[in-house]
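Enquirer: Now for the letters of each chain:
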Amino acid sequence: MGSLLRVDMACLTVKKEPVPAGWAKYAGRALTDAIIFAEVPPKADPLGPANKLVLAPGLFGGTPAPNGGRLSIGAKSPLTGGIKESNVGGQFAHSAAKAGLAAIIIEGRPADPKALYALDIDAQGNGMLNRVDDLAGLGNYETAEKLHAMKGDDKLVTVTNGPAGEMLMKAAGIAVSDPHGYPNRFAGRGGLGAVMGSKGLKAITIPLGIESLPHADKEAFTAAVRKFANALKEHPVSGQGLPTYGTNVLANIINEAGGYPTRNFSEGRFEGVEKISGETMREITLERGGNVKHGCHTGCVIQCSRYYVHPDGSYWTKGSEYESVWALGADCGIDDMDGIAELDRKCGDLGLDTIEMGNVIAVYMESGKAEFGDVQGALAALEECAKGTETGRILGDGAEATGMAFGVERIPVVKHQAMPAYDPRPIQGIGVTYATSTQGADHTAGYSITANVLGVGGTVDPLKPLGQAELSKNLQIATAMLDSFGLCIFVAFPVLDIPAAFEAIYEMATAHTGDPWDADALMKLGRETIAFERLFNESAGFTAADDRLPAWMLTEKLPPHNSVFTVTDAELDSVHDFVAETAAEMGISKP
Amino acid sequence: MRIELALFASLEPYLPEGESASGRRTRMIDLPGGITVGEVVARLGLPDQPRVCFIDGRGVREDAVLTDGVRLAIFPPVAGG
Chain V
395 MGSLLRVDMA
405 CLTVKKEPVP
415 AGWAKYAGRA
425 LTDAIIFAEV
435 PPKADPLGPA
445 NKLVLAPGLF
455 GGTPAPNGGR
465 LSIGAKSPLT
475 GGIKESNVGG
485 QFAHSAAKAG
495 LAAIIIEGRP
505 ADPKALYALD
515 IDAQGNGMLN
525 RVDDLAGLGN
535 YETAEKLHAM
545 KGDDKLVTVT
555 NGPAGEMLMK
565 AAGIAVSDPH
575 GYPNRFAGRG
585 GLGAVMGSKG
595 LKAITIPLGI
605 ESLPHADKEA
615 FTAAVRKFAN
625 ALKEHPVSGQ
635 GLPTYGTNVL
645 ANIINEAGGY
655 PTRNFSEGRF
665 EGVEKISGET
675 MREITLERGG
685 NVKHGCHTGC
695 VIQCSRYYVH
705 PDGSYWTKGS
715 EYESVWALGA
725 DCGIDDMDGI
735 AELDRKCGDL
745 GLDTIEMGNV
755 IAVYMESGKA
765 EFGDVQGALA
775 ALEECAKGTE
785 TGRILGDGAE
795 ATGMAFGVER
805 IPVVKHQAMP
815 AYDPRPIQGI
825 GVTYATSTQG
835 ADHTAGYSIT
845 ANVLGVGGTV
855 DPLKPLGQAE
865 LSKNLQIATA
875 MLDSFGLCIF
885 VAFPVLDIPA
895 AFEAIYEMAT
905 AHTGDPWDAD
915 ALMKLGRETI
925 AFERLFNESA
935 GFTAADDRLP
945 AWMLTEKLPP
955 HNSVFTVTDA
965 ELDSVHDFVA
975 ETAAEMGISK
985 P
Chain B
331 MRIELALFAS
341 LEPYLPEGES
351 ASGRRTRMID
361 LPGGITVGEV
371 VARLGLPDQP
381 RVCFIDGRGV
391 REDAVLTDGV
401 RLAIFPPVAG
411 G
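Chains V and B are the protein sequences, given in the same order.
Adding 394 to a residue's 1-based position in the first sequence gives its number in the numbering used here.
Adding 330 to a residue's 1-based position in the second sequence gives its number in the numbering used here.
By construction, these hints were calculated from the structure, which means they are not laboratory data.
Be a bit skeptical, because a hint or two may be false.
What the hints assert, rightly or not - For the chain B half of the interface with chain V, some residues (derived, Cβ under 10 angstroms), not all of them: (1) F338; (2) R355; (3) P362; (4) Q379; (5) G387; (6) A403; (7) F405; (8) P406; (9) G410.
What the hints assert, rightly or not - Between beta-carbon pairs, the in silico distance windows are: (10) B/D386 with V/M917: 36 to 42 angstroms; (11) V/A913 with B/D378: 29 to 35 angstroms; (12) V/A517 with B/P380: 43 to 49 angstroms; (13) V/G707 with B/P380: 35 to 41 angstroms; (14) B/D378 with V/S761: 47 to 53 angstroms.
None of these values were measured; they are calculated from a predicted model.
A virtual CB, placed ideally from N, CA and C, is assigned to each residue, including glycine.
Construct the entire structure; sequences and hints are all you get.
Expert: Set out below in structure tokens:
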């Protein structure tokens, strides 16, 4: 088990300490939750000194477990006001784990509010804070370039905060560098960039690291890795669809199902979808000589990442993900792939969450401040954020702040966080997840699109309420488990369909740690993770009334199916019926 | 009867010759009345692997019967998010 690296931004000290007894099975999301539950007062000001920013690799961090290099970043969210775990790829998780770190805890606040620091971690996991005031206001790309130059290390792994985070905008995310050093993987959701900014922290650096961590039983670990990798390659989604077309392969199918939110959730189909679909994006990228298949972190066997390039073939932005293309495209009525790429690049450089900002721009357009479909209008809105104008600060605080300031009634948020790329009226299972997730409207928290639309893990009619609460509940528990192992959520597709894939997870865990893991232990970990989060949120002031979709989604019919959300309040309230019993077993009641 | 057929992602090469309907990946095709989705799949020679099929935006099984004027969309297994 690795160490905790505690970074006190008030005293400017960095020290290592052991992980407390009782947390041995916690890593990734479970560990960020446990630390926030134990150390952050639920009523704390998210941008004040009592909040903490926690970065934790999953249990498989630093190992060759396929797709096991995801990083959890947690804090109390300035956007939702509840606990937040934002999950990100990139190289940091493996490097931190190889340096012997189970988690990094950033706490306190510098006495000098203008001081800006980088936390430089060495290969042994020792950290040092260095002043980097000259990086103030720089975008993520330039910041990463300067850090590489300062350290003289081409393979340096960076975690950076853009200007939006420095300005404490609630839509600000944190960038992690990918295998080629681009700062293009994002812990986007929930305003964690603002928390990083409030700590005066501009960046974290760490050497890539080479040596994988030792395993309790190397032979058994290797066998389980092979079993898991075979399942990922065998399943048509993770073995063919995702590597060929990337995540944006979803655009056409969600549009076909009538759940592709268009022009601020006013329609469920976008007439311009063909121009921004994954199939078209692949054709454009290939024509220009761009990269259409790589992993966001070492050890990924799915390879759904890609680079979108300028017409001359030079790097523009990461091959925009499905969520980003939808948010900055269909939701804003924009069908121009290059325009979307520029919006994506700008969000990435400023350090703004593309899901939140697509919603922001759509709401802003609905207010009449810009026209739906107008790329230049959307870019101008982002420029307001870049300049930190009064308007820009409102926009940078998210869709709800924007809607309230500019008089828009249709604001698609839950727990103050904007909805991702699936309308919950014709896809009701995802509505249950949006409503009840501890994270606010978050598709990844319980990806009910699987059985609702994609025919993965069974079939549940997306237009009816029957079975949606149970589906979402089971997926939320399973996802919390995957996030704690540092596994990419996309392994869920084979795990849901191929029993050997699920078995391989606990076989890898047992062989790596020497502790006994089995199917029950995996799901127990998922339940415990959510118990931490629900209890924290309750103490922060959340009630059942917060586990609801916006009221207009219960009455405003969405074409083409003219559907409204019909899952009952009682069904929504049943999703977390396991929490009290789980908390009692854990011996916890409130933070 | 005449329906609109849409094939996406890796199934696009199986689109028959004919008039495009509402996009590049669609065709208007003529079929005998009472034909099922599965029978259309067989006629097109789609690969023997799982599929996701929609008639007018509603997910359907392959025994669903097509009627005049509908849109049939077929996807290979895809996901993302």
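Enquirer: If a hint holds in the structure, say so; if it does not, say that too.
Expert: Hints versus structure:
For B/F338, the suggested interface contact is upheld, since its CB lies about 5 angstroms from the closest CB of chain V, less than 10 angstroms. Taking 10 angstroms as the C-beta cut-off, the interface hint given for B/R355 holds, the closest approach to chain V being about 7 angstroms. The interface hint given for B/P362 is broken, as the beta carbon of that residue sits about 25 angstroms from the closest beta carbon of chain V, more than 10 angstroms. At about 6 angstroms, the closest approach between the beta carbon of B/Q379 and any beta carbon in chain V falls short of 10 angstroms, and the interface hint on this residue holds.
Taking 10 angstroms as the C-beta contact cut-off toward chain V, the hint placing B/G387 at the interface holds, the least distance being around 4 angstroms. Interface hint status for B/A403: upheld, as the beta-carbon distance to the closest one in chain V is roughly 5 angstroms, under 10 angstroms. Given the 10 angstroms rule on beta carbons, the hint for B/F405 holds: about 5 angstroms separates it from the nearest Cβ of chain V. A distance limit of 10 angstroms between C-beta atoms decides the matter here; for B/P406 the minimum to chain V is near 6 angstroms, and the interface restraint holds.
At a threshold of 10 angstroms, the smallest CB-CB gap from B/G410 to chain V is about 3 angstroms, leaving the interface hint in force. Judged by the Cβ atoms, the range 36 to 42 angstroms given for B/D386 and V/M917 holds: they are separated by roughly 38 angstroms. Restraint check, V/A913 to B/D378: a C-beta distance of roughly 31 angstroms satisfies the suggested window 29 to 35 angstroms. A beta carbon spacing of about 46 angstroms between V/A517 and B/P380 agrees with the range 43 to 49 angstroms that was offered as a hint.
Hint check: V/G707 to B/P380, Cβ distance near 36 angstroms, so the stated range 35 to 41 angstroms holds. Restraint check, B/D378 to V/S761: a C-beta distance of roughly 51 angstroms satisfies the suggested window 47 to 53 angstroms.
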